[in-house]
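Residue-level listing of the chains:
2 protein chains.
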Amino acid sequence: MDIRADIEALNAILSPKSVAVIGASTTPGKVGHDIFANILKGGFTGILYPVNPGARAVLSVRAYPRIQEVPDPVDLAIVILPPQPALQAVQDAVARGVKGVVIVSAGFREVGPEGRAIEDRIVALCREAGVRVIGPNCLGVINPTPAVRLNASFSARMPKAGNISFISQSGALCTAVLDFAADRNFGFSKFISTGNKADVDELDLLLYLHQDPDTEVILLYLEELRRGPEFIRAVREITSGDFRPKPVLAIKSGRTAAGARAAASHTGSLSGTEGVYNAIFQQSGIIRVESIDELFDFATAFAYKNESELGKLRRKVPTGNRVAIVTNAGGPGIVATDMTMFSGLELAQFKEETVETLASHLPSTANLKNPVDVIGDATIDRYENALGAVIRDENVDGALVILTPQSMTNVLGTAEAIARIARRSFKPILCCFMGVIDVSAGVKYLQDRGIPVYKFPENAAKAFGALYRYSRWLNRQFLAEYKLSFDRERAAKIIADCLARGKTRLGELDGLGILEAYGFPVLPTKLSRSAEEAAAVAAEIGFPVVMKIVSEQILHKSDAGGVIVGVQTAQEARQAFETILARGRAYREDAVIEGVLVQKMASAGTEVILGLSRYPVFGPLLMFGLGGIFVEVFQDVTFRLAPIGRNEARRMVRQIRGYKLLEGFRGRPRGDIEAVEKLLVSLSHLAIDHPEIAELDINPLLVHPEGRGATAADCRMILKSQNAAA
Amino acid sequence: MDIRADIEALNAILSPKSVAVIGASTTPGKVGHDIFANILKGGFTGILYPVNPGARAVLSVRAYPRIQEVPDPVDLAIVILPPQPALQAVQDAVARGVKGVVIVSAGFREVGPEGRAIEDRIVALCREAGVRVIGPNCLGVINPTPAVRLNASFSARMPKAGNISFISQSGALCTAVLDFAADRNFGFSKFISTGNKADVDELDLLLYLHQDPDTEVILLYLEELRRGPEFIRAVREITSGDFRPKPVLAIKSGRTAAGARAAASHTGSLSGTEGVYNAIFQQSGIIRVESIDELFDFATAFAYKNESELGKLRRKVPTGNRVAIVTNAGGPGIVATDMTMFSGLELAQFKEETVETLASHLPSTANLKNPVDVIGDATIDRYENALGAVIRDENVDGALVILTPQSMTNVLGTAEAIARIARRSFKPILCCFMGVIDVSAGVKYLQDRGIPVYKFPENAAKAFGALYRYSRWLNRQFLAEYKLSFDRERAAKIIADCLARGKTRLGELDGLGILEAYGFPVLPTKLSRSAEEAAAVAAEIGFPVVMKIVSEQILHKSDAGGVIVGVQTAQEARQAFETILARGRAYREDAVIEGVLVQKMASAGTEVILGLSRYPVFGPLLMFGLGGIFVEVFQDVTFRLAPIGRNEARRMVRQIRGYKLLEGFRGRPRGDIEAVEKLLVSLSHLAIDHPEIAELDINPLLVHPEGRGATAADCRMILKSQNAAA
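These protein sequences, in sequence, are chains A and B. Everything in the first sequence is counted per the working numbering, starting at 1 for the first residue and increasing by one. Everything in the second sequence is counted per the working numbering, starting at 1 for the first residue and increasing by one.
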């Protein structure tokens, strides 16, 4: 379906000219009654037709026994009927020429195969007719825009019109959010409960809202996605493309639920669905929030546009992270300073002329440095002059204004002064008016003008931090891609050979071969099957060597004492061979020990881990993190869905806390970071080219000093086959 | 001053029978008018006397020119006058026999030396008379208890009476908190703004509120403390002693402000004031919260007591961390499950009979496992039966009940059912009613009965987590102390010798000597001054050895390439000596190189860091964390103020994330954890016995496998002397 047709179909649902409510009821308390009543009382600007074979009218509106009898064209059919009659109703509606359908009723896919079959038939017949369906099992849709005013929902409360749209997979949450929004004087553009997502899903709606001129910020409550790489590509365009980029904020629940996934690799056990969703959010530029409060806090800041004076409206996103704080109380100023730091921001250093300007306007007891303390008895003038001075400073990218109501404080007047300054600047100004009732006039004044205002400084500072993160995303650099080439055939051959032999758990011998084909520097490695052979092989490779057990049953070799490092002589090699064999047998009686690997000792480097696992729907998930034994203790890892290029690899490497170790630190040389980035891109190609690789840990990859590359010192690979699970 | 007299004096301030407002004014808008009006309109149950030499009456109440003229005894004088007249007023008040003074006016210590002098004189004269002073520069005090009803504050709003007391160092925050509390239907027992804390400080008030029968939970907003070890000792008794333990929740701001402290040691640079306050909170059992929202969320849970049926009131603190969730919506149930995990809780596993009971009461589509989903159309019965069943289960320590208003939901009825069950159980039941207005009747019903109710499941789960943390604190084990002995004289001698030589930065030679005297196992170490000597010393000690540069100018030896490990032969030792010297000179031209240390190579172990720094007022601060190069990357460290004993040392060791490494992990043996605990206690003694040691890093301390102790492999020590700063 092309995007134009899609927009038209969704327009028919979200901004219809005429609506038929099939299953409209005359009995208060019934869903079919309440939804009809809500649309009617909400002041819908189009025409409303109740459809009910047993009623002459519903709430004084003439009813029709079937949609066929409705004398005019109908854009949207809202269906509130049990599954079987719903199917009939949708058939009738499609025949009647509706452009969109919303099915509110439950009892479909979520209750079992029968419901699912009906749901599938409904979707099939609508798709054929080019009609889109929202639901079933949803709360409905709301469009409070004055030109439409459609409240097709359970909720008696029509929210204020605004420029924020909300898509929710949970109906229960919708109700709570509407209540909460009313409490915070929050306006919506579109409000959509997706329910079972039988047809229309988040991505359809995101694409629609991207085009919607009334939507500036998109909020998403998510339980699961059914599209991965496609979702990333499309949403990346929405959040940062050339055409009207719009911020998308998401809450994703179900974080720990799938945490217990049993997996044979570190990557597998660390990733979980949490890893997948974090990857999707990062790669698509979605800003993840942790709570409903935070969702509202951030949305307010993102919806904030200039009230003009400077010409065209523009979103107030800071171009840097240097924040000025103006406050009339010390304590909250300290809190704001703290949170500023925690949110990735900096306190701006004022220019000399700014300090002079502040000094000329403020009393001698005021603090002229950032945070600027205009003192408890501050009047409107003092706020206006101080804020005006700091916002003009070239070293300031935005401001937080904190007001605590004190006896001299003119709350409304200060709000007006802030708005005057905000109108003249593109820099974001976020306010914190501390108090609920005493400050209400000022808060309302600011809210009505879209100027973000919070109850506590920590919320304002965190919201500013989110604005800055979005600005960094919008303005990210694009480095030219690496030119890399791989020996795809060689890797494919090793994989095919292993699978032919029924071997699905690959150790270093085969695994490093595959990695080598994709440009990973590996260490000279040979298998020995006797103590004598070990000594000979070691001599050939050159001392010192590392010796490691080879057994399909022993994946975590060091757990079994199966690794001996620093073997210096032939005699030591013989002895190490015997020791490793004895330990392996003691560790697991049934282990089939193929022999002992003799490997050149790697030169020193920082240990990192590169990994790969796969998820249904989402495909290959890449992991990067600090390696060695620290991977499990600190779980200092980050994820991306393949394919990734150089730029995404760069962000991955820079994202972990342990990046500091790679940067060079306390006499340690800077690591070869570019080599790691290249290898991440190589890993992405490997993952895409060879779907047989189900899981892979390269742990450790030793990152040598700058210019000296990196070495894959160990790896563990699981190939996909019938018995790969375990 | 003994505690009885103190309580009486503070009683006179917080529950006075008669109050004189000195500086009461007839001019609305003036502080002296507003505070008088607030007390009068607040319905104070005692007698109120305005004192004003120029007015016959204030708000129709007969005024007195001076407090001496007041015909009856006066308990409390509230002073609203500039510093100089305030001093006179306090003199008069004390002469008149008042028992307590609150000075609201500003202009004292916070504006300069003159103000400070007056403040000091006021305190001195009050102390002499046994009169206690709150303020100056504060918002006042409030006691909404029906027997008192004193609103001696700027705030026109008298909060509801309740069992939570609030102590704030920031007046600005007080106003905001009062507004916020009104919004959340929150009741207070005492509300105190401490201002400059010239006399009465938090600790005085904490001790008072501990005794106060109307206070169940104490909230603290803190900017700085002026007492350290004393505070810890006293508050530990309040939060977990035998006499009526009460939870103390604190917000501390100013977290990043002092982060930039320049320090010569890791411990010094990592600790900052943040380290000190975290230590104080942990050692005294104060629960730190991150925001005002969280303060209210947690306070509600802690104030929650049984409404009887089970006899005496008891705080509802869970005895374990196994939570049952009952919800009528899937999404919020998932969120609650997530947050439960994040908050250190577990989902309870129900017993078979519980599942049977649930099955008999719930429809077949309900989820009988935890979280229990009673389905969207749940009636009162279904909630009551499900909650009743899970709360009776021996495997359940408490419950979260989630309600989202849907068409069938009887919100008030469900609240009543929850209250019925809560009355019969000591297990905490926390509720989440999602929505602001639709659920208001139920929310109010629960609030009025003290049953915690939240807007979102994440808040409820976090509050439950805080209750559990407090339960763990209340029920912590006390292991018998170690019997340790130290060679205090030897350490004192080394320190005195160094100071005599003007040496304040001690390397390993002297430092390890001091540590050895306190029971730290150290490595055989000798200084060599020539390549030949190095070879000889190394042979004497036995190969392999480590060689390290010795120079007072080079504190971070590895930064300078001044450490060579694994020296195996005399020839290598000679060569290493020359290399180290060359590198040291290249690193810092002016470095005076004393020689090269030759040290026995330590046997393998997990690297941890033990450290010591000192703060004015608070004294020695001990640090423990993961050592080596990871200390700065992950800052996985924890702090305590000395002295500590075995139990505190135990908690320190178990608190860091890297504890997993010490526990044994992936084939690594379990480390000698008890040895580390003993050494932490030894370090505490060292810190107390030798105040000359200003800073100390033992990094790394190598923790060997269980039973094999730990070795101090390197140390850095700064002694206190005139030029120790730098």
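Please keep in mind that the hints were generated in silico from the structure rather than gathered at the bench. In this text, a Cβ means the ideal position worked out from N, Cα and C, and glycines have one as well. Be aware that one or more of the hints could be misleading.
Claimed, not checked - Cβ-Cβ distance ranges computed for the label pairs, FRET-style:
{"#": "1", "chain 1": "A", "residue 1": "E346", "chain 2": "B", "residue 2": "R157", "range": "34 to 40 Å"}
{"#": "2", "chain 1": "A", "residue 1": "E346", "chain 2": "B", "residue 2": "V617", "range": "26 to 32 Å"}
{"#": "3", "chain 1": "B", "residue 1": "R654", "chain 2": "A", "residue 2": "P643", "range": "52 to 58 Å"}
{"#": "4", "chain 1": "A", "residue 1": "T365", "chain 2": "B", "residue 2": "E489", "range": "50 to 56 Å"}
{"#": "5", "chain 1": "B", "residue 1": "D120", "chain 2": "A", "residue 2": "G344", "range": "54 to 60 Å"}
{"#": "6", "chain 1": "B", "residue 1": "G619", "chain 2": "A", "residue 2": "A480", "range": "54 to 60 Å"}
{"#": "7", "chain 1": "A", "residue 1": "E663", "chain 2": "B", "residue 2": "F342", "range": "29 to 35 Å"}
{"#": "8", "chain 1": "B", "residue 1": "Q68", "chain 2": "A", "residue 2": "D377", "range": "29 to 35 Å"}
State the violated hints by number, sorted upward, taking the hints as numbered earlier in the document. Those not satisfied are hints 3, 5.
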